[in-house]
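Asker: Going line by line, the protein sequences match chains X and C. When we follow the working numbering, the leftmost residue of the first sequence carries the number 1, and every step to the right adds one. When we follow the working numbering, the leftmost residue of the second sequence carries the number 1, and every step to the right adds one.
Note that these hints are calculated values from the structure, not bench results. Some clues are possibly wrong.
Going by beta-carbon spacing under 8 Å, a handful of chain X positions derived as facing chain C [claimed, not checked]:
| id | residue |
| --- | --- |
| 1 | Thr56 |
| 2 | Leu80 |
| 3 | Pro84 |
| 4 | Pro91 |
| 5 | Gln106 |
| 6 | Ser109 |
| 7 | Pro110 |
Chain C residues, not near chain X, derived (Cβ > 10 Å throughout) [as the list claims (entries may be wrong)]:
| id | residue |
| --- | --- |
| 8 | Pro35 |
| 9 | Leu77 |
| 10 | Ile101 |
| 11 | Ala154 |
| 12 | Leu163 |
| 13 | Ala223 |
Each pair of labels, with its calculated beta carbon distance range [claimed, not checked]:
| id | chain 1 | residue 1 | chain 2 | residue 2 | range |
| --- | --- | --- | --- | --- | --- |
| 14 | C | Ala87 | X | Ala169 | 48 to 58 Å |
| 15 | X | Gly128 | C | Arg177 | 35 to 45 Å |
| 16 | X | Ala115 | C | Ser140 | 40 to 50 Å |
| 17 | X | Gly139 | C | Ala84 | 37 to 47 Å |
Backbone N, C-alpha and C define an ideal beta-carbon position, used for all residues, glycine too.
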Amino acid sequence: MSPPRIEVTDLRKTFASASGPVEVLGGVSLHVDRGEFVSIVGPSGSGKSTLFGLLTGLLEPTGGRILLDGRSPDRSNRGLAWMPQADALLPWRTVERNVALGLEVQGVSPARARARARDLLPTFGLDGFARTHPHELSGGMRQRAAFARTVAQGRDVLLLDEPFGALDALTRTDLQLWLAGLWQAERWTVLLISHDIREAVLLSDRVYVLGPRPATVQAVIDVDLPRPRSLDDVLSAGGVDLERQILSALAGQATSAAEGRDGGGAAPFGKHDGGIVVRPGLAGGGVQDPPQ
Amino acid sequence: MRNALPPVLAALGLIVLWQVYASAGPLGDDVLPPPTAVAEAGWSDRGDLARATMPTVVGVLLGFSVSLAVAFVLSVLLDRSRPARRAIMPLLIGSQTLPIIVLAPLMVLWFGLGLTPKILLVTLVTFFPVVVGLLDGYASSDRDTTTLLRTMGAGWWTEFRLLRLPAAMPSFFTGLRISITYAVVAVIFAEYASPTGGLGVYMQAARNSFRPDLVLAAVAVCATLTLALFATTVAVQRAVMPWYADARRRDQ
Numbered sequence: 001m002s003p004p005r006i007e008v009t010d011l012r013k014t015f016a017s018a019s020g021p022v023e024v025l026g027g028v029s030l031h032v033d034r035g036e037f038v039s040i041v042g043p044s045g046s047g048k049s050t051l052f053g054l055l056t057g058l059l060e061p062t063g064g065r066i067l068l069d070g071r072s073p074d075r076s077n078r079g080l081a082w083m084p085q086a087d088a089l090l091p092w093r094t095v096e097r098n099v100a101l102g103l104e105v106q107g108v109s110p111a112r113a114r115a116r117a118r119d120l121l122p123t124f125g126l127d128g129f130a131r132t133h134p135h136e137l138s139g140g141m142r143q144r145a146a147f148a149r150t151v152a153q154g155r156d157v158l159l160l161d162e163p164f165g166a167l168d169a170l171t172r173t174d175l176q177l178w179l180a181g182l183w184q185a186e187r188w189t190v191l192l193i194s195h196d197i198r199e200a201v202l203l204s205d206r207v208y209v210l211g212p213r214p215a216t217v218q219a220v221i222d223v224d225l226p227r228p229r230s231l232d233d234v235l236s237a238g239g240v241d242l243e244r245q246i247l248s249a250l251a252g253q254a255t256s257a258a259e260g261r262d263g264g265g266a267a268p269f270g271k272h273d274g275g276i277v278v279r280p281g282l283a284g285g286g287v288q289d290p291p292q
Numbered sequence: 001m002r003n004a005l006p007p008v009l010a011a012l013g014l015i016v017l018w019q020v021y022a023s024a025g026p027l028g029d030d031v032l033p034p035p036t037a038v039a040e041a042g043w044s045d046r047g048d049l050a051r052a053t054m055p056t057v058v059g060v061l062l063g064f065s066v067s068l069a070v071a072f073v074l075s076v077l078l079d080r081s082r083p084a085r086r087a088i089m090p091l092l093i094g095s096q097t098l099p100i101i102v103l104a105p106l107m108v109l110w111f112g113l114g115l116t117p118k119i120l121l122v123t124l125v126t127f128f129p130v131v132v133g134l135l136d137g138y139a140s141s142d143r144d145t146t147t148l149l150r151t152m153g154a155g156w157w158t159e160f161r162l163l164r165l166p167a168a169m170p171s172f173f174t175g176l177r178i179s180i181t182y183a184v185v186a187v188i189f190a191e192y193a194s195p196t197g198g199l200g201v202y203m204q205a206a207r208n209s210f211r212p213d214l215v216l217a218a219v220a221v222c223a224t225l226t227l228a229l230f231a232t233t234v235a236v237q238r239a240v241m242p243w244y245a246d247a248r249r250r251d252q
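Required output: the full structure, derived from the provided sequences and hints.
Answerer: Shown next, in the form of structure tokens:
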């Protein structure tokens, strides 16, 4: 069996700060296999973005180990394509030239990079927008352009850092369903950071729940819903039960973080749970108790 | 064209006020010639005036080109190295306090009567807003985009070329528009100090022969030059970043 695309073992990261060292990751272990869609959910400030920094090699771990395809990665070129929450499109570049950015950085000539980017645009619903500047696009289209830029790099793994977090609820739902469909066809290897539990259930094969600082994995939840997935699957008894599991893993931390107030019992949904925003559901149903 | 109306009206209003005050006021025509007299004198001396304008224009263009090159090199150096920024920035700020009226004759003394003192003075007077504009612009580069380029494997040069330099363009042009308005004055100062031709020399000669009308005609030429240079920078900015005005309009 081939080694996992990403294998993280007991990863630790401590930052120095004016008020002393801050331990952000307190030993995180996870893996992502080829063609898997894996999500990480956790409270704000639980070090999810630090984890991406370590994976991309922009940060050095304090302890633990990262293996990519079973090997210790080089400092540069790790075969990972990162997509930030803000689209980070260059305002002076057209859509096709934004999508081509990663190829240009890799040394592909601008003309060839642009041609390859143009070929990708229909897949991302941007046909006919090659020569458009980002400020002329809607938020959802900008995010799709940013997504195309991530995929255009031709890297093995996509690291999506709350890619839909800045969008309005309707656009976000559209894009989540769009991504679910696209992933079904393309089968990229994806590691997604999300604040949105339903998004994680809709898209993922597996969800890691991180705790507050210093973050460790609180729960690993396999999402065994059928593929291809629709909103109905997510809103089915099985889907809602998965949401409940993720929520209680998060809520458990929230109560332990609040010195055991509440006794760690079944926390009411929608309560403050360490920064996770529990939004009313995609189809307006809210988070419901599964039928017993 | 409707945009041109307010400034033209404002300028005309000032000229009319001047005309009225000069004809009816306490000063004689010899001391404060009315605009009509200035225009007349300038027109009748247009040959000499045009000959005097050429060296000034050459001085401005050469000086400003050197200034841009110096500003760019300095900005890259200061952007790359924090120690360099800390060491050099106070010197640059200090350089802006040098009184050029005193410096101009010294420059001529040190560098002779040729173009060198002109170029140096224009550079000294105009590079600073451009350096500050470029540095601010580099620093305004989006952090996520910086991180993104690094995850893509970009080195310093690639990041500079693809992100920092284009991101600096808006504030670069702001600095450019400020400094271009100083350029003509700087050349006039240099010309005042060295008898080698140009509008500065023309003005001095006109003043010495008690011809305020010709002095003012030369001043009008200077003002026109500066306006033309300013308009050129605006046009270049539009050509270089057509997306910018459009994006700004949408933001409002």
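Asker: Each hint should be assessed against the structure and marked as holding or not.
Answerer: Here is how each hint holds up against the structure:
1. Taking 8 Å as the C-beta contact cut-off toward chain C, the hint placing Thr56 (chain X) at the interface holds, the least distance being around 4 Å.
2. Interface restraint check for Leu80 (chain X): the shortest CB-CB distance to chain C comes to about 7 Å, inside 8 Å, so the restraint holds.
3. The criterion of a C-beta within 8 Å of any C-beta in chain C is met by Pro84 (chain X), whose closest approach is roughly 4 Å, and the hint holds.
4. Checking Pro91 (chain X) against chain C: minimum C-beta separation of about 6 Å stays under 8 Å; hint holds.
5. For Gln106 (chain X), the shortest C-beta to C-beta distance to chain C is roughly 7 Å, which falls under 8 Å, so the interface hint holds.
6. A least Cβ separation of about 14 Å between Ser109 (chain X) and chain C goes past the 8 Å threshold, and the interface hint is therefore violated.
7. Hint status for Pro110 (chain X) relative to chain C: violated, with the closest Cβ pair at about 10 Å, above 8 Å.
8. Listed as outside the interface, Pro35 (chain C) is consistent with that label: its C-beta sits roughly 45 Å from the nearest C-beta of chain X, beyond the 10 Å cut-off.
9. For Leu77 (chain C), the shortest C-beta to C-beta distance to chain X comes to about 24 Å, beyond the 10 Å cut-off, and the non-interface label holds.
10. Remark: the non-interface label on Ile101 (chain C) is consistent with the geometry, its nearest Cβ contact in chain X lying 41 Å away (cut-off 10 Å).
11. Not every Cβ of chain X is farther than 10 Å from the Cβ of Ala154 (chain C); the closest lies at roughly 5 Å, contradicting the non-interface assignment.
12. Not every Cβ of chain X is farther than 10 Å from the Cβ of Leu163 (chain C); the closest lies at roughly 7 Å, contradicting the non-interface assignment.
13. Every CB of chain X is more than 10 Å from the CB of Ala223 (chain C) (nearest about 34 Å), matching its label as outside the interface.
14. Between Ala87 (chain C) and Ala169 (chain X) the Cβ separation comes to about 52 Å, which falls inside the hinted range of 48 to 58 Å.
15. Checked against the given bound of 35 to 45 Å, the beta carbons of Gly128 (chain X) and Arg177 (chain C), roughly 37 Å apart, stay inside it.
16. The given range of 40 to 50 Å is broken by Ala115 (chain X) and Ser140 (chain C), whose C-beta atoms sit roughly 31 Å from each other.
17. Restraint check, Gly139 (chain X) to Ala84 (chain C): a C-beta distance of roughly 41 Å satisfies the suggested window 37 to 47 Å.
In this structure, the hints that do not hold are numbers 6, 7, 11, 12 and 16, in rising order.
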